[in-house]
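Following the hints, complete the assembly by docking chain L onto the known chain G.
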Amino acid sequence: MKIIIAGAGEVGAYLAKLLSQENQDIVFMDPDEEKLNMPYGLEIMTAVGNPTSINDLKAAGVKQADMFIAVTPEESVNMTASLLAANLGAQTTIARVSNNEYLLPKNMEFFSKLGINSIICPEILATGEIVNALKTPWSRQWSELSGGKLILVGAKIRDNAPIVNKYLYDIAQGEKIYHIVAIKRENDTIIPRGSDRILSGDILYFTTTPKHVPDIKILTGKSNFNINRITIMGGSRIAMKVCENLSDNIHIKLIEKDREKSYRLAEKVRSNVMVINGDGRNTDLLIREHIKDCDAFIALTSNSEANILACVTAKSLGVPKTIAEVENVDYIQMAEKLDIGTVINKKLIAASHIYQFLLNADVSTVKSMTFANAEVAELVARPKSKVTRKPVKELNLPKDMTLGGKIRKNVVDIIEGDTQIEAGDHVVVFCLDSAMRKIEDYFN
Amino acid sequence: MHFVNWKFVFRVIGLTLMLESLFMFVTAGVSFYMQETIGIFTLSGIITLSAGLVLFFLSDYKTKFKIIEKKESCFGVTFAWISFSIFGALPFLLSGTTTSFTDAVFESASGITTTGASVLTDIEYLPKSILFWRSFIQWLGGLGIIVFSLALFPLLGGGAALLFDAEASGLTHDKFRPRVTQMAKRLWLIYLSFTAILIALLIAGEMNVFDAVCHAFSTISTGGFSTKEINIIYWNSAYIETVTCVFMFIGATNFALIYFLFKGKFKRFFKDEELRWFVAIILGVSLILAGCLQLDNKTNSLIDTSRIAVFQVVSIITGTGFPANVDSWSPVYWVPFMFMMVTCGCAGSTSGGMKVIRVVVLIKNTLYEFKRLIHPRAIIPVRINGEALSFNTVQRLLAFAFLYVLIILVSWGILVFSGMSFMEALTAALSSLGNTGLGFGENGPSGSFVTIPTFAKWYMAFLMIVGRVEIFAVLILFIPAFWKN
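Residue numbers (the working numbering), protein chains in the order written: chain G, 1 to 444; chain L, 1001 to 1485.
Isolated chain G, as found in the complex (with noise of 0.2 Å):
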């Protein structure tokens, strides 16, 4: 597949290396030589030139070009490259925005006409993440499928946690309510079978249905608090979007270092949010704003460095739930040791979302679970693929993927042994990156 990405950003970088790991034909392209040259040493093209640029995107191949990802910081180019590289010839084109108005699905519907198909805006999805994190603290990662249907949850288990040191063929009788897809151990994710044992320190993910999941939290010994005030730290765009997205009984404080903008901030939340000028990695302020009443401390300031840290501190001085903005890939690892509750980082939300266009399947939704290397994703069987034929036990599907979950006719039901996929089911599948291309031959 060839793949032109458009932007030498964070994002752009990202996904070009992650692209091309995957084996995809890469034509990266910036007007900025320099930033090109960023992701060093990988198997990609180059390409110096303008995205709003004919002539430059002539030269950069659009014409033959699978996919056109517009990823600049200017909302603006990445609309007016779309454009230009859909009406070049380009098959499907992405375009990232930060403008709310343009993801309605009335307004989608307009710029897939114009030759858009799919508009991502990293900051919008983790401020999902984040908001759905605060929705159930007592979580690691909380993400819903299917429209809500089926979640997936992930949760750290702890001594008091009542199937800690279980094999989970002896936890696995009676009813499936839910089924354990993953357990993350030390930096290792495994696909669990039944002979794997639970340990204190694991992270484990389940899939499950609503209204199951309260047996989740008794299972894994959380007991649930509601968040009614939060303090977020870094005056950042997801900080402004959050902002919005909570409701107004919240008490947000938004600790902003820069004097000019807290004071920009300031004029643009509503009234339950609270701005304060100064730093939040310093714990004098942070006592001085009773921080201890505090539900949940956010850590979205730029420097993913001080994010960690500013969580750790808080953390430390009572805040039951903290969040942190990790845009170092490398650090994820370390940010969870240091028992950061969630971790939110907007390249891998852009990637999870571009690989859905890469799967050649019916995929509905991708998501990667940040503390793990592994991805979520959301298939439609068809008629007479691989997975319809046997029962799921007899399908030896690979070790590094497992099915979570499926629904058929708005039933959903978590998956088992002697479950027989049918065409048209849409099926959960929870898989190590390493198996991200094999699922394709299951489902087609």
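Hint data in this document are derived by calculation from the structure and do not stem from the laboratory. Misleading hints may appear alongside valid ones.
[Unchecked claim] Taking lysine-lysine pairs in the BS3-like style, the calculated list, with each CA pair at most 30 Å apart, reads:
hint : chain 1 : residue 1 : chain 2 : residue 2
1    : L       : Lys1371   : G       : Lys257
2    : L       : Lys1175   : L       : Lys1185
3    : G       : Lys315    : L       : Lys1371
4    : G       : Lys176    : G       : Lys386
5    : G       : Lys292    : G       : Lys268
6    : G       : Lys58     : G       : Lys35
7    : G       : Lys217    : G       : Lys149
8    : G       : Lys261    : L       : Lys1364
9    : G       : Lys292    : L       : Lys1371
10   : L       : Lys1364   : G       : Lys292
11   : G       : Lys113    : G       : Lys58
12   : L       : Lys1185   : G       : Lys261
13   : L       : Lys1175   : G       : Lys268
14   : G       : Lys261    : L       : Lys1175
15   : G       : Lys106    : L       : Lys1267
16   : L       : Lys1267   : G       : Lys268
17   : G       : Lys390    : G       : Lys409
18   : G       : Lys2      : G       : Lys113
19   : L       : Lys1364   : G       : Lys257
20   : L       : Lys1371   : G       : Lys268
21   : L       : Lys1263   : G       : Lys106
22   : L       : Lys1271   : G       : Lys106
23   : G       : Lys268    : L       : Lys1271
24   : L       : Lys1263   : G       : Lys268
25   : G       : Lys268    : L       : Lys1265
26   : G       : Lys268    : L       : Lys1364
27   : G       : Lys149    : G       : Lys390
28   : G       : Lys106    : L       : Lys1265
This is chain L only, laid out in the frame that chain G set:
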């Protein structure tokens, strides 16, 4: 002083005077219809028109002004109002209504600024045309003479926006049309239609046509001149008071907001924070007033008491100054009255004073200051309609509020020095700066200011204009930095 573009200033004043002469000729028509001598107004009109034409030609009438600065607009607006007041005094002098130039200018300034304080007595014996003229200039001044000029003459070129800015009231002057002249036309259309409706309603209330027209003019403009000595009490009709009350209220609401109402944006109108506060203040004070009145005089029926209370509250807070049917208000009531005379109506209305929006912002800002003490590093903006005001706006407003209070206090002192009594000087200062026109004590509600010293009259006339253009445009002329290049 070569750095001020005098030609532009002349053009503005010239145009306003030509506008005024037009109104004089209309009044001359009225006097002809009333079978009075038409000479007074024709002569005044001719004098004013010639003055206007001279200034207009001095301004090189063919040039189009391109670069107009704050200086010219402040000059233009201030002197437009001053010269309008002075030429507006001509009919009073020529008709012999008063022999004193001071009184004539006072009456004219009080009219044009919609203050409604009068130095004339035995009003019923004055020529009808003079009564008409008094109400007519209030009507004209209500929405602003510059706005009217802009609506009529497209000759001011690029200076229009700045002139409008210098005259319009309120925190920020939001435009609802891209061009100021378009906006001015719409504002006057709204104003005109309200006036027409009011005239019809008053005639329906058994007022004769002449009185109805005059009262409509001074009600919608929240001016307060009447054709009767005892003012609106003369009719003693609940209907007329209710109608007047409603239109005083309309006159004191933001006309831009009314425009949105006409445009079908109901939510924007009814959700407006300033309007809600305005209604809340009126209802609250009326309730207290009615309660006190009822306790004072238990023989009155509750309905009568509420009628008096609501009418008086609306009349004062809108800056109209029509008196209600009460023999005399005891000093207890002066206190809430004085507060209302400072607050007055909404921004962008015909009413004067500090405007509700400013008072609301001041109160909110003060309350937030306590919160800011608790959270020293927090940045807490003042919100109006859910949207934060910029800190610059609030800062400018604080300066405005301080200046407003300072002017009242200093004027109080000056008026006391000039020979007025302690209490009357205070109310006179409040009344002039807030364009209310109501006096207390000897200058009582339906009384007049004829007895006050000459200097005090001039000073009050000056205060009225200062209050009408919201202080800055006039006072900036007294700032040395303004005169430096």
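Structure-based check of each hint:
| no. | hint | in the structure |
| --- | --- | --- |
| 1 | Lys1371(L) to Lys257(G) | 20 Å, holds |
| 2 | Lys1175(L) to Lys1185(L) | 13 Å, holds |
| 3 | Lys315(G) to Lys1371(L) | 27 Å, holds |
| 4 | Lys176(G) to Lys386(G) | 25 Å, holds |
| 5 | Lys292(G) to Lys268(G) | 27 Å, holds |
| 6 | Lys58(G) to Lys35(G) | 21 Å, holds |
| 7 | Lys217(G) to Lys149(G) | 18 Å, holds |
| 8 | Lys261(G) to Lys1364(L) | 23 Å, holds |
| 9 | Lys292(G) to Lys1371(L) | 19 Å, holds |
| 10 | Lys1364(L) to Lys292(G) | 29 Å, holds |
| 11 | Lys113(G) to Lys58(G) | 22 Å, holds |
| 12 | Lys1185(L) to Lys261(G) | 40 Å, violated |
| 13 | Lys1175(L) to Lys268(G) | 21 Å, holds |
| 14 | Lys261(G) to Lys1175(L) | 27 Å, holds |
| 15 | Lys106(G) to Lys1267(L) | 25 Å, holds |
| 16 | Lys1267(L) to Lys268(G) | 21 Å, holds |
| 17 | Lys390(G) to Lys409(G) | 20 Å, holds |
| 18 | Lys2(G) to Lys113(G) | 23 Å, holds |
| 19 | Lys1364(L) to Lys257(G) | 26 Å, holds |
| 20 | Lys1371(L) to Lys268(G) | 19 Å, holds |
| 21 | Lys1263(L) to Lys106(G) | 26 Å, holds |
| 22 | Lys1271(L) to Lys106(G) | 28 Å, holds |
| 23 | Lys268(G) to Lys1271(L) | 19 Å, holds |
| 24 | Lys1263(L) to Lys268(G) | 27 Å, holds |
| 25 | Lys268(G) to Lys1265(L) | 23 Å, holds |
| 26 | Lys268(G) to Lys1364(L) | 18 Å, holds |
| 27 | Lys149(G) to Lys390(G) | 25 Å, holds |
| 28 | Lys106(G) to Lys1265(L) | 24 Å, holds |
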